[in-house]
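Residue numbers (the numbering used here), protein chains in the order written: chain C, -2 to 387; chain R, -2 to 387; chain L, -2 to 387; chain S, -2 to 387.
Treat the hints as calculated values from the structure; they're not laboratory data. Bear in mind that the values here come from a model prediction, so they are computed numbers and not experimental data. There's no promise every hint is true.
Identical chains blur together in the list; that is why a pair holds if it fits in one copy or across any two.
Dumping the calculated SDA-like pairs for lysine to any residue here, alpha-carbon to alpha-carbon at most 25 Å [as the list claims (entries may be wrong)]:
| hint | residue 1 | residue 2 |
| --- | --- | --- |
| 1 | K107 | K250 |
| 2 | K187 | K278 |
| 3 | K278 | W292 |
| 4 | K135 | W191 |
| 5 | K52 | T348 |
| 6 | K11 | E51 |
| 7 | K278 | E235 |
| 8 | K278 | T184 |
| 9 | K278 | G236 |
| 10 | K187 | R316 |
| 11 | K52 | G163 |
| 12 | K52 | A9 |
| 13 | K380 | F24 |
| 14 | K11 | R316 |
| 15 | K187 | G297 |
| 16 | K379 | A80 |
| 17 | K278 | R238 |
| 18 | K102 | E298 |
Protein chains: 4
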Amino acid sequence: MAIEASKSEHRAAKIRLGMVGGGQGAFIGAVHRMAARLDDHYDLVAGALSSTAEKSLASGRDLGLDPERCYGSFQEMADKESARPDGIEAVSIVTPNHVHFAAAKAFLEKGIHVICDKPLTSNLEDAKALKAVADKAKALFILTHNYTGYPMVRHARELVRSGELGDIRLVQMEYPQDWLAEPVEQTGSKQAAWRTDPAQSGVGGSTGDIGTHAYNLGSFISGLELDELAADVHTFVEGRRLDDNAHVMLRFKGGAKGMLWCSQVATGNENGLKVRIYGTKAGIEWTQADPNYLWFTRLGEPKQLITRGGAGANSAAARVTRIPSGHPEGYLEAFATIYSEAAAAIQAARTGAAVDPAVVYPTVDDGVKGVAFVTACIESGKKNGGWVKV
Amino acid sequence: MAIEASKSEHRAAKIRLGMVGGGQGAFIGAVHRMAARLDDHYDLVAGALSSTAEKSLASGRDLGLDPERCYGSFQEMADKESARPDGIEAVSIVTPNHVHFAAAKAFLEKGIHVICDKPLTSNLEDAKALKAVADKAKALFILTHNYTGYPMVRHARELVRSGELGDIRLVQMEYPQDWLAEPVEQTGSKQAAWRTDPAQSGVGGSTGDIGTHAYNLGSFISGLELDELAADVHTFVEGRRLDDNAHVMLRFKGGAKGMLWCSQVATGNENGLKVRIYGTKAGIEWTQADPNYLWFTRLGEPKQLITRGGAGANSAAARVTRIPSGHPEGYLEAFATIYSEAAAAIQAARTGAAVDPAVVYPTVDDGVKGVAFVTACIESGKKNGGWVKV
Amino acid sequence: MAIEASKSEHRAAKIRLGMVGGGQGAFIGAVHRMAARLDDHYDLVAGALSSTAEKSLASGRDLGLDPERCYGSFQEMADKESARPDGIEAVSIVTPNHVHFAAAKAFLEKGIHVICDKPLTSNLEDAKALKAVADKAKALFILTHNYTGYPMVRHARELVRSGELGDIRLVQMEYPQDWLAEPVEQTGSKQAAWRTDPAQSGVGGSTGDIGTHAYNLGSFISGLELDELAADVHTFVEGRRLDDNAHVMLRFKGGAKGMLWCSQVATGNENGLKVRIYGTKAGIEWTQADPNYLWFTRLGEPKQLITRGGAGANSAAARVTRIPSGHPEGYLEAFATIYSEAAAAIQAARTGAAVDPAVVYPTVDDGVKGVAFVTACIESGKKNGGWVKV
Amino acid sequence: MAIEASKSEHRAAKIRLGMVGGGQGAFIGAVHRMAARLDDHYDLVAGALSSTAEKSLASGRDLGLDPERCYGSFQEMADKESARPDGIEAVSIVTPNHVHFAAAKAFLEKGIHVICDKPLTSNLEDAKALKAVADKAKALFILTHNYTGYPMVRHARELVRSGELGDIRLVQMEYPQDWLAEPVEQTGSKQAAWRTDPAQSGVGGSTGDIGTHAYNLGSFISGLELDELAADVHTFVEGRRLDDNAHVMLRFKGGAKGMLWCSQVATGNENGLKVRIYGTKAGIEWTQADPNYLWFTRLGEPKQLITRGGAGANSAAARVTRIPSGHPEGYLEAFATIYSEAAAAIQAARTGAAVDPAVVYPTVDDGVKGVAFVTACIESGKKNGGWVKV
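Let the hints inform the model, and build the full structure from the sequences given.
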């Protein structure tokens, strides 16, 4: 109950933010905006919200943007905003995957920090190229693998880092959904249409959309590096052009093993992301739909249910906790934490100050690993499930 | 999955908001600010954040307020803001309970809309007086019984209204916590100190702080009016000046019965608010810590787990849902819904437009009922648990 | 995993058992027989299974009884079996409540041990009279409050006894069902017919059938003695002659408080027996439908989920555990534990040996308390919920 | 509540039963005996309970067996019992795996029905040979894959058979434990010793002990035939001679896919057997630790929680249900159902009567499939996870 809820509210001047994508009818754009607002570190002041100037303007008006700062393309926005004295300091890229690379590159090259939705890019070549750009750029690159922002995920990661789990043996990840159990991309679902279109999504369907989330999360918590994988990748729904289910066996460097299952046709599942990690000393289990709980069991002891904000929560969890235990935080709060971590880094970058080492966010390197994971899944699938190094 | 997440973002001009209380070290003030920001209907522009001008200024600076609009008292703020052409249109009152009455009165009388934390006031006399003021005022009065903003609570309420439960027989409410299991008010907890102080909290301890929440929620969902109650009210912790546990039997008008249990000494409970309602045709169960789920069982049929955003969610739930099923919303989102409902009403009030009849928020009448409930509990307790009409 | 499953199997000669009631179409008789068989301490050899000699014989044949030992009345069975050298040593009484008293008396007076279903009798006068008989008798009296046989209930009781909970403050009990939500006693349900018939059930409906179970269980675990209660007792279903819902406030000797809710009209509930006990140091929660789990939370520590047979289970639980953790035991096993505890006492009584002090079963005293509880509920109900001493 | 609990009690003459294995200190033997007793279809009258005549006699005495019918070897028991007019009709084989083949053969060849623990044998050659023996024998062979006896498993199977799930796409199985997370076979655990000894267990460790259970259960419910698998089989604990973890990808005939994970080193898991099956129309999820519940979700409808004995339970479940919903049945009851199904078949075989087509139990064919599964896992593991046809 001693949580100082106001701690994550802004202290420094707010960050001037632009957005690429996220216009009328988009889903994830609104999520990014709510996440950016929650802790009050950002002012959304510009947008290339849609692919045409007209639509972009209409969407910008809805959001109260200055019409002059509603642009018809990300390139125009990068050029003009970087030329303004009050231009944006950071940009959120919330388009379909295939746009990420070019848009991110445009802003990074202008020294504008990039907060980009996942996966990093639609193919591995672009991913590596973007990493090269990001590594050279003066601006920061933050990838919104938002599940890493959940307090109990932070708690879990800290348990691993502190050795409480002993040596990790097993990392079990799964992300079942059912929203593509029928060919809804053929019957008007805009979300489904682009996510099942190779031109917009990239090589992976379920692997790219949700498998990469599960993989990132397992890696984030366990700290393990993947060595190789074997994947049985499949498309169940007739006519679909990308995979909608994948079973993957994993071997990590150092000897740990794991499995990953992602599915968009597992009837009865909404967003069933779950990570379970077992070590020689203890095991943990976390489920995204019930994110305020973490099961933690030391070998030979009773199971413990660690709650966000509760008695057993560690400092890594407390750092990103807003409200007391028993009052649930959710998906938007976790997403907002990514934005607040980004803000801490961006605000430090203004003056070249050191970033608090407790600040953690997914980077371009995590993004490359995610795309490499998807690519390896697809490759293994084509080789009838043979092992592929990543 | 067809949720249009952006729908609750602002369309009309934002509302200029002030805040009374909620300065450095306060908890609920920060919650109100996050709630006000989430859907982007408000701009916080003024504050009487603390009881002295100096502290108020320091807190205001943290929040980026214009120092000129950081006031030393709510009265000063009411006077000066109402005199400005760009003065606040609404104010959030987030002080300890004993201040609610005078502060709300000051703003209402200036025609400034009031968004006030619960309970309405610290005693029934004030509550009735405030109702008289609010009834006469041109401004709106919104009480932040925030649990009414949860989508599954809205779903449940609609089930009752549509007759799906049949005639209501039973309303079982409970709100156990454990944070006052020891005399922490004697060892430096600021939150505990004012909540256990009759001068600041009013006549009720656990009854006023959390019992009133449970009672409001049960009433909100069931639509029932309480007729009488019998309460065994007790203080377990030695030296504590207000109740920390109450067992209450309830009789509603029309013949339904119920129980309410609130406790601040139930070891192992965080914020265990739960409401169960049973009718002749069906029953429902909802738990605040897991708010995205609603159990719904028709007599003689299998139990159903309705999920927020999921297949079975009705339009009353969908109206206040931001993100897809399986991605949990939490306490702050429910709180934000109160702010967004208030915004809809306030924005309509600007022009005298009719408010969308789907807009729902707790009013001063609900506040009077809540204080009457607490008062009746205390009175019954003093009468050794005899029945008291409310 | 080190559970020696065979430990509860018989070592001593099996006990010759008779049964009163439990003929064709009865429910609880079959449960008693399965319970008696599970750990192999009994041989069922005689029965007065129905109220007529003919039906009793037919039922006995189904069970493979010697027709000669199928009796037309309990009195006949008591007389004849007590005269046989191989006559029954113990009898199970599984009739409707109103028969318990006379049947138990008949066997106790013949020196035959009685294992009797609850409630003890259909009214308090009989209960006290039966206690007088039992106190004088050389035979034992065991009451099958079967929920006391669950390992996690034993664990919970031991936690209280060992002081792990500190001073008990609160005992919350509930037992909601929905099987009488409609007037099924009027439409052919034999179970419902006798349970809602005052002549067969006694003064209490839901209070006697399930309230008394919840009360017994709360008392068994907490070790507390009830001082007084206030009950709002109600019959929701038109035409029903006994209560189908009761809300009860409880005050225990020593200062603890509690509530008990029992209902047969709570739509969606099957056998929702739940006990929660909160002390100054820790709290526990146990639910009968998920009996292999016990929540245990020390103040200021994470919640623990103790599992039957698992790492945290204490010796009181282990004593009555048959199979390893993760392989659930259920209702019949708990019931069988009552039979096995009874067997230990009966076998000791053969030789006058001391009974292992770890052996625990509900006695006639518990039965009197149970009937007193029901009687007090009804009395309080008639006094409009006024307090009644028990 | 209309469950006629007595229905599964015996009607026909009880079956004279012998037992091989299950002497003092054994675990599973006691489980089989409880299972055989529960529904009262068997009389245990003979045993070769241990590997020496002396120990067998001591164990038999504990169980009240006639010393003359306590044998020093299964062969002696088969010979002598088959020569007695009152000899055993059936035998339970509850030894370590490597004894199954020879013991089962000995009894089958004498016309004595065999109820045998799983896996069928310790290698595939024996399994096929035993099938040949069983196919020729006049006696029945029942394999105690006990999880198939759970009512909600029967319900699930019937859902698939009736087409409620549509075409099956995915079968996800897992069975994690943690009891072998440390090398307890080196520190005195008798259970661990034989289960990790290739000479007694066979080729598979976790795959044979629990993987085969999960595989059998998934097959039982889904009705699918496995086509091929790819397995990453591993031993985490140093010095262990059999696998203690396996990740398996599965392809079923007809196009369904699946995964199976079994582990004995997954810290915090007791007996975490879980099966999830997803079809084009609906999905189901069942967990052995909470066996009275089945999640069932039709595409686009709310999740349903089907409860054993509850409103939604189908006739396949009701057939094997003993007590009302909300009163949990457990592992022993499911095990007893296998014995009762076997009894129905054995009793029919006495007279050559037709067996009720509703009677279902695992057969020698299921046993061969199970050993083939284990063998294929090990083979795939040796081939670095390449696909192996089964």
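Results of checking the hints against the structure:
1. K107 / K250: neither (38 Å within a copy, 56 Å between copies)
2. K187 / K278: between (47 Å within a copy, 23 Å between copies)
3. K278 / W292: For K278 and W292, both the intra-copy (14 Å) and inter-copy (23 Å) Cα distances are at most 25 Å.
4. K135 / W191: Answer is neither: 32 Å inside a copy and 50 Å across each miss the 25 Å cutoff.
5. K52 / T348: neither (37 Å within a copy, 29 Å between copies)
6. K11 / E51: Between copies only: 24 Å across chains, 29 Å inside a chain, cut-off 25 Å.
7. K278 / E235: between (46 Å within a copy, 15 Å between copies)
8. K278 / T184: between (50 Å within a copy, 18 Å between copies)
9. K278 / G236: Close across copies (18 Å), not inside one copy (47 Å); limit 25 Å.
10. K187 / R316: between (37 Å within a copy, 21 Å between copies)
11. K52 / G163: The answer is neither: 54 Å in one copy and 43 Å across copies each exceed 25 Å.
12. K52 / A9: between (33 Å within a copy, 19 Å between copies)
13. K380 / F24: neither (35 Å within a copy, 46 Å between copies)
14. K11 / R316: Cα proximity of K11 and R316: one copy only (20 Å, versus 31 Å across).
15. K187 / G297: between (50 Å within a copy, 18 Å between copies)
16. K379 / A80: neither (47 Å within a copy, 63 Å between copies)
17. K278 / R238: between (44 Å within a copy, 22 Å between copies)
18. K102 / E298: Neither way: K102 and E298 sit 51 Å apart in one copy and 44 Å across, limit 25 Å.
Figure legend: structure checked against the earlier numbered hints; hints not met, in rising order: 1, 4, 5, 11, 13, 16 and 18.
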